[in-house]
Amino acid sequence: PTCACHTLEERLKELSAAPLPVTELPKLEAIWQNNRITGINDIFIHNQICCGALRYNVRIDGEMYAREIVGDGAGVSTVHGSTAYFRSITRSIFRTGMGLAFNNAASEVSHIVLPESSVIEIEILRGPGLVMADNDPHKITVEVGESITLKQTYEYAMIWNLDGFMCPRCR
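Residue numbering for the sequence shown follows our numbering, beginning at 1 and increasing consecutively.
FYI, nobody ran anything at the bench for these hints, they're computed from the structure. C-beta: ideal position from N, C-alpha, C; glycine also. Hints may be right or wrong, so weigh each one.
What the hints assert, rightly or not - List time: in silico BS3-like cross-link candidates among lysine-lysine, alpha-carbon distance up to 25 Å:
hint	residue 1	residue 2
1	Lys151	Lys27
2	Lys139	Lys151
3	Lys139	Lys27
To be verified - Derived DEER-like restraints, expressed as beta-carbon distance ranges:
hint	residue 1	residue 2	range
4	Gly52	Thr153	30 to 36 Å
5	Val144	Gly62	20 to 26 Å
6	Gly52	Pro26	29 to 35 Å
7	Gln48	Glu68	17 to 23 Å
8	Tyr156	Pro128	29 to 35 Å
9	Ala106	Gly62	41 to 47 Å
10	Glu68	Asn161	42 to 48 Å
11	Arg95	Glu155	44 to 50 Å
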């Protein structure tokens, strides 16, 4: 559904007009062993075994943030992704930085919004876990003892006409 400002005819006019406004959205990356994935919205680590919890440590910029979190997983979100899965977990959004959310944690550990320069390390203590980005069905298994580094990368996604696509009235 679209609002009166974004009818099919208006959308086609916008798309055929040159040049379309371009928005650069920062990407996140997850790195461990020989693996690397990127995401525009978020990267999440989930428990692979649905009837068992994931257990993990979290370090932020080399300092321990939380020990032995037990839950369904954790994720890092961009500002753009903060209105999606991050919001459903935390009931909040943010406008700058990166968000770190804890999905269904047994202990009282709060989500946190960090500077874009932060480096988050998640060490799997009990798993295995699955790493996923942006609702991509491709998943990568992370085993017990492995650590995943999550951070904002220097790459950007180029999105044409984002403002028209993200119109609050159309949404």
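- Kindly indicate which numbered hints from before are broken by the structure, ordering the numbers from low to high. 9 and 11
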